[in-house]
Amino acid sequence: MNPNSLLIGLAILLGILWFSTVAVAWLQISFPPALLGMLILFLLLYFKIIPLSLVESISEVLISKMGLLFLPAGVSIMLYLDILSSQMLPFVATVVIGNFVILIITAKFTDLLISQKGGKE
Amino acid sequence: MFPEILINSPLLGLGLTVLVYVLAELILKQLKIKVLPPILIACPVIIICLMYYPGLSYAKYAQGANFISFMLGPATIALAVPLYRNWDIVRKYALPLSAGILLSTLVSLVCVFYVGSSLGLQEQTLNSVMAKSVTVPIAVEISKMVNGLPAITIGAVIMSGVLGAVTNHIILRLLRIKNDVACGVAIGACSHGIGTSACAGISSVQLAVGGVTMGLCGVASTILIPILYPILKAL
Chain A
1 MNPNSLLIGL AILLGILWFS TVAVAWLQIS FPPALLGMLI LFLLLYFKII
51 PLSLVESISE VLISKMGLLF LPAGVSIMLY LDILSSQMLP FVATVVIGNF
101 VILIITAKFT DLLISQKGGK E
Chain B
1 MFPEILINSP LLGLGLTVLV YVLAELILKQ LKIKVLPPIL IACPVIIICL
51 MYYPGLSYAK YAQGANFISF MLGPATIALA VPLYRNWDIV RKYALPLSAG
101 ILLSTLVSLV CVFYVGSSLG LQEQTLNSVM AKSVTVPIAV EISKMVNGLP
151 AITIGAVIMS GVLGAVTNHI ILRLLRIKND VACGVAIGAC SHGIGTSACA
201 GISSVQLAVG GVTMGLCGVA STILIPILYP ILKAL
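Taken in order, these protein sequences are the chains called A and B. Under the working numbering, the first sequence is numbered contiguously, ending at residue 121. Under the working numbering, the second sequence is numbered contiguously, ending at residue 235.
Hints are supplied without guarantee of correctness; some may be wrong.
[What the hints assert, rightly or not] Below, computed lysine-lysine pairings styled on DSS-like, alpha-carbon distance capped at 27 Å:
no.	chain 1	residue 1	chain 2	residue 2
1	A	Lys117	B	Lys92
2	A	Lys65	B	Lys233
3	B	Lys144	B	Lys60
4	B	Lys144	A	Lys108
5	A	Lys65	B	Lys34
[Claimed, not checked] A few chain B residues that don't get close to chain A, going by computed Cβ distances all over 12 Å:
no.	residue
6	Phe2
7	Ser9
8	Leu11
9	Gln30
It is worth saying that the hints were derived from the structure and are not from the lab. C-beta: ideal position from N, C-alpha, C; glycine also.
Just chain A, same shape as in the assembly (with noise of 0.2 Å):
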């Protein structure tokens, strides 16, 4: 990981999401631009056009410190906290919920089909 890499590679990512950025205002899509990107930037690696270690290093640091690149709009919470609390017991149950749902069906769903599917060959 060195500095003109991390370098290279952040300007790739910049270039991608300025080209999405206008893309989709041109297009007039409702669509999130940053995702656009990595589509792009997907299509760009799949077919050779930007070596993968360009954008390695900087991927790698971006990803792995994900958490502080959100953290801004985490404390934007202060400013909905009276509606929050208000609500707080239905949200969190809906997350935990939610969560259990999609776990045991996707889970059971995709093991009966791999299941299956080993069956027949």
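Fit chain B to the supplied structure of chain A, relying on the hints for placement.
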């Protein structure tokens, strides 16, 4: 601690965010706590500073902190790298992965909507929790698309992740699901990166499948939630 010259400078937001985050990381490392993300400590510390120190406010903090938030864009784009690295896995398990991702996105949508609305969540809060199983930067974008509050979304997403990191493997064991691909898809789909990182010492297949699922679920949710959620609301 916060003289005037600091309060009116971007250094306040930038400095406070980075310093407190690094300290929180250090504390968790010292205590050898792996399941909790540093933001769980850092966030309340900063909020308390901003609320109780005279002259400080979220607006002052945001002047500098917005630079950090901005980097979420490049970080989201960077998610393409693990997806590309593990593309062999996507190829190999194309059917169970795509079916699992599609199903989980739909189940999440329907389940969160009905549980949330029947428990009496206000509309804006419900909008904010719809994307609770997607990785934070993408969830924030979805939240904005459906008129949610990104801050509340982040709260729900982190809760989902930490809860998943602690309980996922216990539940999967109770269900007697041993297939690592099925486990990985379920974990990545329900508790994104935070839950998936708990697979690290357990199975490298789960870790890779979970990571890929997390990215693809983000894409599926960004497309499906803004289309299907208004339909559910209209029913």
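Inset, instruction - State the violated hints by number, sorted upward, taking the hints as numbered earlier in the document. - result: 2 and 4
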